[in-house]
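Required output: the full structure, derived from the provided sequences and hints.
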Amino acid sequence: MQPDRRKLEESIVELIVEASTSLPGDVKEALERAASREESRLAKIVLNAYLENTNIAKRARLPLCQDTGIPEFYIWLGELFPYKEDLVKTLVRAVHTAVEHGYLRRNAYDPITGRELELSKAEGFPFIHIAGLIEGSDEALISLILTGGGAARPSFALTLDPLTPLSKITDMIEKAILEKAFRACPPLVIGVGLGSTIEVSALYSKLALLRPLGLRSKRREIAEIEEALVESLNRLGVGPQSVGGLATVLDVHLEVGASHPSSLAVAVSFSCWALRRVRARVSRSLDVEVIPYVYGRE
Amino acid sequence: MSTVGNKRVISTPLSDEVLRDLRVGDVFYLTGLLATARDRVHERIVVWRLKPPIDLRGYAVMHAGPIVAPRASKLYCLSLGSTTSARFEKLIPGFMEATGVRLVIGKGGVSRDTARSIAKLGGVYAVFPGGCGALGASSVDEVLGVYWEDLGSAEALWVLRVRELGPLIVAVDSEGGNLVEDVLDAARASASSSRRVE
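Read top to bottom, the protein sequences are chains F and U. Everything in the first sequence is counted per this note's numbering, starting at 2 for the first residue and increasing by one. Everything in the second sequence is counted per this note's numbering, starting at 12 for the first residue and increasing by one.
Calculated directly from the structure, the hints in this document are not laboratory data. You may find that some hints are simply not true.
Listed below are the simulated SDA-like cross-link pairs for lysine to any residue, each with C-alpha atoms no more than 25 Å apart in a straight line [as the list claims (entries may be wrong)]:
(1) F:LYS45 with U:LYS18
(2) F:LYS176 with U:SER122
(3) F:LYS29 with U:SER150
(4) F:LYS45 with U:VAL15
(5) F:LYS45 with U:ASP37
(6) U:LYS101 with F:ALA153
(7) F:LYS169 with U:SER203
(8) F:LYS59 with U:ARG174
(9) F:LYS45 with U:ARG174
(10) U:LYS18 with F:ILE57
(11) F:LYS45 with U:VAL38
(12) F:LYS169 with U:ARG199
(13) U:LYS18 with F:GLU53
(14) F:LYS176 with U:ARG174
(15) F:LYS181 with U:ARG51
(16) U:LYS85 with F:ARG38
(17) F:LYS176 with U:LYS101
(18) F:LYS181 with U:ARG123
(19) F:LYS122 with U:LEU162
(20) F:LYS181 with U:LEU102
(21) U:LYS85 with F:ILE57
(22) U:LYS18 with F:ASN49
(23) F:LYS181 with U:SER122
(24) U:LYS101 with F:ALA177
(25) F:LYS169 with U:VAL38
(26) U:LYS101 with F:ARG154
(27) F:LYS122 with U:PRO63
(28) U:LYS18 with F:ARG38
(29) F:LYS59 with U:GLU153
Where chain F lies over chain U, by a calculated footprint (3+ residues, C-beta under 8 Å) [as the list claims (entries may be wrong)]:
(30) 51–58
(31) 92–101
(32) 117–129
(33) 137–143
All C-beta atoms in this analysis are idealised placements derived from N, C-alpha and C, irrespective of residue type, glycine included.
Set out below in structure tokens:
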């Protein structure tokens, strides 16, 4: 059977529109919970504006935010999925189509000249990463996250001595919020990745943002660190849009890869409140179905 | 100024008196003429000293790069959200002097220095919650024009007629009050005191 590439491209464009216009259920629930707990008048007004915006965007199929971000795809390929190359090429084409139809903003610039790039020359737009293979499966799983520039800006990665206490990482996140990330539209969602090199930790920090809000790490000691981080960051009182309030972060997730005996890398990826992500399964007949995300490739 | 339902609505042309009445923490909605200006428009007017393409006195200006698309021979605003003002905040006072604009809408707040300069000019800086492009677009009645389109669609200067755009939260008032910096000072103090306890 020949794959219907056109149908696949249409489905992926649809997936992009879904990500840009519809806030995931877990994020919306977290905002609603934050709004019901909030005591400050201004913080409540901001959170209610977010929720109203969310409803209008979904109803009218308008982008939640004018910055539709960098489309980043994380893919888990079934070993037996027959159209691996087609899939990757189609993701790129679908992003170009979405830009041409105005569903995504032209967000690709040449870092040397500062000029807008032609899409065909825009390396890394979209960013596509094969996150893993799935044994015995004939399907592919795709996670798409739209990373806004305002939230990308305060994100960081660096390496530390392995003896560095974890409390130092808490201090670094706190400092990043108070110096820059307070402008990245709080309440923030924070993905923290640990590993051996900056690229390993950066990857895990992004995977951490894919995990549903409120779902804790399966490792108890990591779950406890996550809880402690949420609690201490929300004691800062920065609040929604930094007008003061209880909700500075919606959640913090920590994902870890192996570190090296001489290098502990830490990456912190911030997301604004509008954490736009969607997960889908692509069957071997190239049907695309939106599915909930749990852990990694599960 | 008027009250619609329980909303405090301010209309253009904006008078100095109306702006002087606004205090940090006040919430209002804007009806009337709004121009968008972000990094490049500020650069042209303040750094390159180009003459603004239209007379903006009495307008509100918003730090925004809207998404505008033609539908059935008319222009529609599909997204109007605030962008981070701090990126080009040093140019804000010069922009206000060159254009006569006294109400600036953005997000993320501005430094104490910039706030003092805005106050000296009798201006007000208000936050439109970030990430609310659909909410902003829903209050655009009409796209009236676009200038300096060579900067690209997001960077161009758009002129829009809006109805009850908001909520707008006063973050810098004409007395020099600064909401976001006050919140951050308190957060910094609480962060360092909790570290001392540990």
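Results for each hint:
no.	hint	verdict
1	F:LYS45 with U:LYS18	holds (15 Å)
2	F:LYS176 with U:SER122	holds (17 Å)
3	F:LYS29 with U:SER150	holds (23 Å)
4	F:LYS45 with U:VAL15	holds (20 Å)
5	F:LYS45 with U:ASP37	holds (14 Å)
6	U:LYS101 with F:ALA153	holds (22 Å)
7	F:LYS169 with U:SER203	holds (13 Å)
8	F:LYS59 with U:ARG174	holds (21 Å)
9	F:LYS45 with U:ARG174	holds (22 Å)
10	U:LYS18 with F:ILE57	holds (19 Å)
11	F:LYS45 with U:VAL38	holds (12 Å)
12	F:LYS169 with U:ARG199	holds (16 Å)
13	U:LYS18 with F:GLU53	holds (16 Å)
14	F:LYS176 with U:ARG174	violated (39 Å)
15	F:LYS181 with U:ARG51	holds (22 Å)
16	U:LYS85 with F:ARG38	violated (43 Å)
17	F:LYS176 with U:LYS101	holds (23 Å)
18	F:LYS181 with U:ARG123	holds (15 Å)
19	F:LYS122 with U:LEU162	holds (20 Å)
20	F:LYS181 with U:LEU102	holds (19 Å)
21	U:LYS85 with F:ILE57	holds (21 Å)
22	U:LYS18 with F:ASN49	holds (15 Å)
23	F:LYS181 with U:SER122	holds (12 Å)
24	U:LYS101 with F:ALA177	holds (22 Å)
25	F:LYS169 with U:VAL38	violated (39 Å)
26	U:LYS101 with F:ARG154	holds (19 Å)
27	F:LYS122 with U:PRO63	violated (34 Å)
28	U:LYS18 with F:ARG38	holds (24 Å)
29	F:LYS59 with U:GLU153	holds (22 Å)
30	51–58	violated (count 0)
31	92–101	holds (count 4)
32	117–129	holds (count 3)
33	137–143	holds (count 5)
Violated hints, in rising order: 14, 16, 25, 27 and 30; the structure is consistent with all others.
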